[in-house]
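Asker: Turn these sequences into a full structure, and let the hints steer you where they fit.
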Amino acid sequence: MTTLLSLQTDYPLQKLNSFGIDAYAQEFLSIDNIAQLHALRANAALASMPKLILGGGSNLVLSDRVPGLVVKISLMGKEVLSEDDEHVYVRAEAGENWHAFVRWTLEQGYGGLENLSLIPGTVGAAPIQNIGAYGLEMQDVFHSLDAFDLSTGEVLTMRKAACRFAYRDSIFKHDYKDKMVILGIVFALPKKWIPKLDYADVARYLADKEIASPTPLDVSNAVIAIRQSKLPDPAVIGNAGSFFKNPIVSATLRDELLHSYPKMVSYPQPGGDYKLAAGWLIEECGWKGKSLGSAGVYEKQALVLVNLGCATGVEVRRLAQQIQRDVQKKFAVRLEVEPVFV
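The letter at position 98 of the sequence shown is residue 98 when you use the UniProt record's numbering, and the numbering goes up by one with no holes.
Please note that the accuracy of each hint is not assured.
[Claimed, not checked] Keeping only pairs whose Cα atoms sit at most 20 Å apart, straight-line, the calculated EDC-like set for lysine to aspartate or glutamate is:
no.	residue 1	residue 2
1	Lys196	Asp208
2	Lys275	Asp326
3	Lys230	Asp273
4	Lys230	Asp178
5	Lys160	Glu283
6	Lys51	Asp178
7	Lys192	Asp84
8	Lys230	Asp149
9	Lys51	Glu154
10	Lys173	Asp140
11	Lys192	Asp208
12	Lys177	Asp208
13	Lys191	Asp85
[Claimed, not checked] Across the chosen pairs, the derived CB separations fall in these ranges:
no.	residue 1	residue 2	range
14	Pro268	Asn43	25 to 35 Å
15	Gln328	Pro268	33 to 43 Å
16	Gln8	Ile194	25 to 35 Å
17	Gln269	Ile211	35 to 45 Å
18	Glu336	Asn33	29 to 39 Å
19	His259	Asn33	54 to 64 Å
20	Ala35	Gly272	33 to 43 Å
21	Gly77	Arg325	27 to 37 Å
22	Leu156	Gly77	12 to 22 Å
In short, the hints are calculated from the structure, not lab data.
All values derive from a computational prediction rather than experimental measurement.
The beta carbon of each residue, even a glycine, is placed where N, CA and C say it ideally should be.
Answerer: What follows is the structure, encoded as structure tokens:
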């Protein structure tokens, strides 16, 4: 195991962020083992620099030059750990590609992650955002994670409560932002698997394929097909996936809006609130397929902002802010951005 730190200056990040923004890191390190993290802490100059912990770069909008130290987490490995009467426990290191890991679990015969197929990014980024799709959130199958504390050098094992998971949120976006490096995650996959078919698109796909009793692989294939039909491939069109969170509103506001917009999509939430479809709100404001400069709204899905060729972080922010203003004005609903602006 090498502890060599190969520091690189003015390192290009265009291929390390899914939006494809032509940005540079002031200083850059790639980390593939814990010994290198200890060496990083021991280097006073590096330890004192502001840091950006980088996974797959799928939830970021970068500035043209990222100040400080960008630390790319490249820890690799996955394995089946153990099982009990109810679960099989599998672990993946933080640098593993998320979708490849999901498909690997299915190849081993374990269901549980299939609704999260084709979400871009790495395993280590999944808890930060508490990624979710088609009726499933990562926290639903989460068991624990190991994280490296950059201030103390300790490796902490954290269970669900300590991570403070919420809708597209966790403690790693707040108190521990760029202070903790997620090393690996353990998932508890159910032995008694029950398909989650709450979303009409998934149920419709399976019905069209005449699949009455779907397997986890069938559900995964359905999710992949649906996502590919709606969302652009970052390798072809730069994007960060869903750009805005689906807003949660009171039942009173939802009822008022539904009176004026009877086709508005909403989903009941625990406690009596409702979740609205941000993409629908944006489309109703006329933004689908429109652009400002080189940043645009995807023509097939208004929830996705795209890089039309040479977009800068400033252009993406300007477009997002204009959409927020328009949705606020028309619906009295505030949209919250999912990606992090750096």
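Asker: If I claimed the Cβ atoms of Gly77 and Arg325 lie 27 to 37 Å apart, would that claim hold in this structure?
Answerer: violated (45 Å)
Asker: Hey, Lys275 versus Asp326, does the alpha-carbon distance stay inside 20 Å?
Answerer: With Cα atoms ~19 Å apart, Lys275 and Asp326 stay inside 20 Å; holds.
Asker: Is the straight-line distance between the alpha-carbon of Lys51 and that of Asp178 20 Å or less?
Answerer: holds (6 Å)
Asker: Within 20 Å, alpha carbon to alpha carbon, are Lys51 and Glu154?
Answerer: Holds, because 18 Å separates the two Cα atoms, which is no more than 20 Å.
Asker: For the pair we were handed, Lys230 and Asp178, check the Cα-Cα distance against 20 Å.
Answerer: violated (32 Å)
Asker: Check the hint pairing Lys192 with Asp208 against an upper bound of 20 Å on the C-alpha distance.
Answerer: It is violated: about 26 Å lies between the C-alpha atoms, which goes past 20 Å.
Asker: Decide if the proposed pair is consistent with the structure: Lys191 and Asp85, CA atoms, cutoff 20 Å inclusive.
Answerer: Cα-Cα ~8 Å, so holds.
Asker: Taking 12 to 22 Å as the hint, is the beta-carbon distance of Leu156 and Gly77 inside that range?
Answerer: Since Leu156 and Gly77 have Cβ atoms about 19 Å apart, the given range 12 to 22 Å holds.
Asker: Could one say that the CB atoms of Ala35 and Gly272 fall in the range 33 to 43 Å?
Answerer: violated (51 Å)
Asker: Okay, Glu336 versus Asn33 on CB: inside 29 to 39 Å?
Answerer: 36 Å Cβ-Cβ, so the 29 to 39 Å window holds.
Asker: Regarding the pair Lys177 and Asp208, is the alpha-carbon distance no greater than 20 Å?
Answerer: violated (44 Å)
Asker: So the hint says 33 to 43 Å: do the beta-carbon atoms of Gln328 and Pro268 match that?
Answerer: Violated, at about 23 Å.
Hint compliance for this structure: hints 3, 4, 5, 8, 11, 12, 14, 15, 16, 17, 20, 21 are not met, and every other hint is.
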